[in-house]
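**Q** Chain residues, written in single-letter form:
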Amino acid sequence: MMNDLSDVKITRRDLLIAGAITATTAAVPSVAGAQNNSNSGGGNGGPAQAAAAPVINKVTLVVNGQSRAVEVDTRTTLLDVLRENMHLTGTKKGCDHGQCGACTVIVEGRRINSCLSLAVMHDGDKITTIEGLGTPDKLHPMQAAFVKHDGYQCGYCTPGQICSAISAIEEIKQGIPSHVTADLNTKPLLSSEELRERMSGNICRCGAYSNIIDAINDVAGSRA
Amino acid sequence: MKAFSYERAKTPAEAAAAIARQPNAKFIAGGTNLLDLMKLEIEAPTHLVDVNGIGFDKIEATKEGGLRIGALVRNTDLAADQRVRRDYAVLSRALLAGASAQLRNKATTAGNLLQRTRCPYFYDTNQACNKRQPGSGCSAIGGFSRQHAVVGTSEACIATHPSDMAVAMQLLDARVETVKADGATRTIAMADFHRLPGNTPHIETALEPGELITAVTLPKPLGGKHYYRKVRDRSSYAFALISVAAVVLPDGTGRVALGGVAHKPWRLPAADASVAQGGKAVADQLLAGARTTEDNAFKITLVQRTISAVLAEAKKA
Chain A
1 MMNDLSDVKI TRRDLLIAGA ITATTAAVPS VAGAQNNSNS GGGNGGPAQA AAAPVINKVT
61 LVVNGQSRAV EVDTRTTLLD VLRENMHLTG TKKGCDHGQC GACTVIVEGR RINSCLSLAV
121 MHDGDKITTI EGLGTPDKLH PMQAAFVKHD GYQCGYCTPG QICSAISAIE EIKQGIPSHV
181 TADLNTKPLL SSEELRERMS GNICRCGAYS NIIDAINDVA GSRA
Chain B
1 MKAFSYERAK TPAEAAAAIA RQPNAKFIAG GTNLLDLMKL EIEAPTHLVD VNGIGFDKIE
61 ATKEGGLRIG ALVRNTDLAA DQRVRRDYAV LSRALLAGAS AQLRNKATTA GNLLQRTRCP
121 YFYDTNQACN KRQPGSGCSA IGGFSRQHAV VGTSEACIAT HPSDMAVAMQ LLDARVETVK
181 ADGATRTIAM ADFHRLPGNT PHIETALEPG ELITAVTLPK PLGGKHYYRK VRDRSSYAFA
241 LISVAAVVLP DGTGRVALGG VAHKPWRLPA ADASVAQGGK AVADQLLAGA RTTEDNAFKI
301 TLVQRTISAV LAEAKKA
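Going down the list, the sequences are from chains A and B. Residue numbers for the first sequence follow the working numbering, beginning at 1 and rising by one. Residue numbers for the second sequence follow the working numbering, beginning at 1 and rising by one.
There's no promise every hint is true.
Straight-line alpha carbon distances no greater than 27 angstroms define the calculated DSSO-like cross-link-like pairs of lysine-lysine that follow [what the hints assert, rightly or not]:
id, chain 1, residue 1, chain 2, residue 2
1, A, Lys187, B, Lys58
2, B, Lys2, A, Lys58
3, A, Lys93, B, Lys220
4, B, Lys58, B, Lys225
5, A, Lys58, A, Lys93
6, B, Lys58, A, Lys126
7, A, Lys187, B, Lys220
8, A, Lys187, B, Lys2
9, B, Lys39, A, Lys93
Simulated DEER-style distance windows between Cβ atoms [said to hold, decoys possible]:
id, chain 1, residue 1, chain 2, residue 2, range
10, A, Glu71, B, Arg305, 51 to 59 angstroms
11, A, Lys148, B, Asp251, 33 to 41 angstroms
12, A, Cys95, B, Ala13, 33 to 41 angstroms
13, A, Ala182, B, Ala13, 42 to 50 angstroms
14, A, Cys95, B, His202, 22 to 30 angstroms
15, A, Asn185, B, Pro219, 15 to 23 angstroms
16, B, Ala309, A, Val147, 42 to 50 angstroms
To be clear, the hints were calculated from the coordinates, so they are not data collected in a lab. Here the structure is a predicted model, which means the values were calculated and not measured. All C-beta atoms in this analysis are idealised placements derived from N, C-alpha and C, irrespective of residue type, glycine included.
Sequences are here, hints too, so could you generate the full structure?
**A** What follows is the structure, encoded as structure tokens:
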């Protein structure tokens with residue numbers, strides 16, 4: 001019976017990791033072989049030129065109020081350090097090129113695409129991720145509003161949407177104008193039109209946009 | 001991404017010296033374009049010099065009555081500055097028409113000027129691109145060229161410059177202040193800052209290797225009505241098909257610059273001189289000698305109509 005499934009203590013993430021390992025096992029030997037070849041090439045102008053060795057730097061990030069020091073390859077993005085080193089997997093990797101907004105986190109009070117920022121460039125920075133906003137027992141008002149208004153379908157873009165939405169309201173309160181602000185010399189309005197424009201950096205492939213705007217309007221106290 | 005070493009500079013001199021020490025080093029500021037390109041290995045620096053700690057992050061008044069915008073002022077802060085909103089509205093409008101809020105929070109003034117084309121053949125490393133790999137050819141010519149340039153093109157490259165901000169900067173006669181590795185400083189007029197592709201589309205600006213932008217200055221305010229009208233495939237968060245930046249003075253004269261039509265922001269003295277004669281006259285000047293493809297020929301009509309719409313609005317208001 002279906003009830004039996006409730007006893008299975010495996011998270012979706014564990015399942016995905018297990019699947020990925022199974023899928024890549026067959027490929028491992030050939031990858032290792034290619035690496036050996038390039039190492040023996042030694043960068044002597046052969047086609048398999050040896051790559052420069054990775055450079056490891058130490059960086060301390062203040063994530064959700066907690067100071068955490070990590071040693072990372074300089075190439076590591078803020079997104080990857082959050083997910084892979086700190087295991088804060090709420091922040092999602094979508095396009096990894098700053099086009100979808102799934103990786104949005106709040107750094108020093110401002111939302112950014114964590115995929116387009118190097119971890120080593122954030123030494124000492126205060127970072128808020130979805131995990132720092134609320135807990136399943138005590139949701140942040142924006143999280144609660146997304147649940148109430150059904151502001152998602154698959155949920156993959158949701159952490160980015162929520163971080164972005166909180167910042168969007170804050171930016172309006174700070175008087176930062178947007179593309180749709182009619183008069184640059186007045187404070188922008190807390191309106192659906194403003195919020196839609198300000199949320200354009202967060203793509204939702206399920207198309208939950210109208211419910212997302214309802215959720216944000218609910219928190220902002222603005223009129224739909 | 002290729003491996004690289006990393007250091008933080010505290011002063012422009014330190015940054016310039018650090019770049020000079022290492023071959024194949026690059027400055028990094030906001031990183032929103034550079035990291036994108038490094039992930040694709042279109043850019044592959046072996047050393048990064050982080051310039052975020054060198055200062056130059058303020059907007060200050062100049063003796064001449066204009067503004068000096070630090071190279072590291074974020075696009076969000078520049079667009080939101082009260083002086084820019086009041087006196088250089090076209091610049092605020094252009095910035096706000098570009099990218100997303102997340103990107104504007106990171107992207108810097110200097111980095112915006114230095115961003116590279118979004119030509120899909122430049123981004124696709126399986127395609128020939130003289131800009132990415134000099135001498136390899138241009139897959140955009142004869143390819144899908146809907147977003148490509150119509151003026152100032154060459155046989156080597158038909159890419160466009162992607163920046164909205166730079167179009168407004170050129171309209172406002174901004175100047176770029178720099179420091180070289182030997183400590184020498186100079187200013188470059190925006191009109192001379194970006195280059196046409198010619199036979200060397202990989203050389204995009206007048207900057208010398210290792211030269212660092214420290215600020216962009218704006219002359220004293222022009223007055224008049226300011227417009228930045230951007231036409232794109234989505235109503236937000238898309239690069240321009242074409243854009244029109246304009247300042248129209250009370251006597252009906254003014255100036256016009258275009259984005260999305262060339263390898264650099266596009267502005268001509270003869271076009272500025274014909275603003276009082278209407279949109280068709282201005283567009284004819286700006287697009288004289290245009291070379292279009294079947295895919296991008298629509299840009300000619302789109303430019304004419306958008307300039308006309310802007311000038312009509314200026315007359316009405």
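**Q** Please go over all the hints and tell whether each is borne out by the structure.
**A** Here is how each hint holds up against the structure:
Between A:Lys187 and B:Lys58, the direct Cα distance comes to roughly 22 angstroms. Compliance with the 27 angstroms bound is thereby established for this hinted pair. Proposed proximity of B:Lys2 and A:Lys58 is supported: the alpha carbons are some 19 angstroms apart, at most 27 angstroms. Proximity of A:Lys93 to B:Lys220 is assessed by CA-CA distance (about 45 angstroms); at most 27 angstroms being required, the pair is judged violated. With a CA separation close to 26 angstroms, the supplied pair B:Lys58 and B:Lys225 stays within the 27 angstroms bound.
For the hint linking A:Lys58 to A:Lys93, the alpha-carbon distance of about 23 angstroms falls within 27 angstroms, and the restraint holds. About 22 angstroms separates the Cα atoms of B:Lys58 and A:Lys126, which keeps this hinted pair within 27 angstroms; it holds. Distance check on the hinted pair: A:Lys187 and B:Lys220 sit about 25 angstroms apart at the alpha-carbon level, within 27 angstroms; holds. Our distance criterion of 27 angstroms between C-alpha atoms is broken by A:Lys187 and B:Lys2, whose separation comes to about 45 angstroms.
The suggested pairing of B:Lys39 with A:Lys93 holds, with an alpha-carbon distance near 14 angstroms, which does not exceed 27 angstroms. With their beta carbons about 57 angstroms apart, A:Glu71 and B:Arg305 fall inside the hinted range of 51 to 59 angstroms. Separation of A:Lys148 from B:Asp251 is about 56 angstroms and departs from the stated range, judged on CB atoms against 33 to 41 angstroms. Take A:Cys95 and B:Ala13: their Cβ atoms lie about 38 angstroms apart, and the range 33 to 41 angstroms holds.
Checked against the hint of 42 to 50 angstroms, the C-beta distance between A:Ala182 and B:Ala13 comes to roughly 45 angstroms, which is consistent with it. For the pair A:Cys95 and B:His202, the beta carbons lie near 26 angstroms from each other, so the given range of 22 to 30 angstroms is met. At roughly 21 angstroms, the beta carbons of A:Asn185 and B:Pro219 sit within the given window of 15 to 23 angstroms. Checked against the hint of 42 to 50 angstroms, the C-beta distance between B:Ala309 and A:Val147 comes to roughly 44 angstroms, which is consistent with it.
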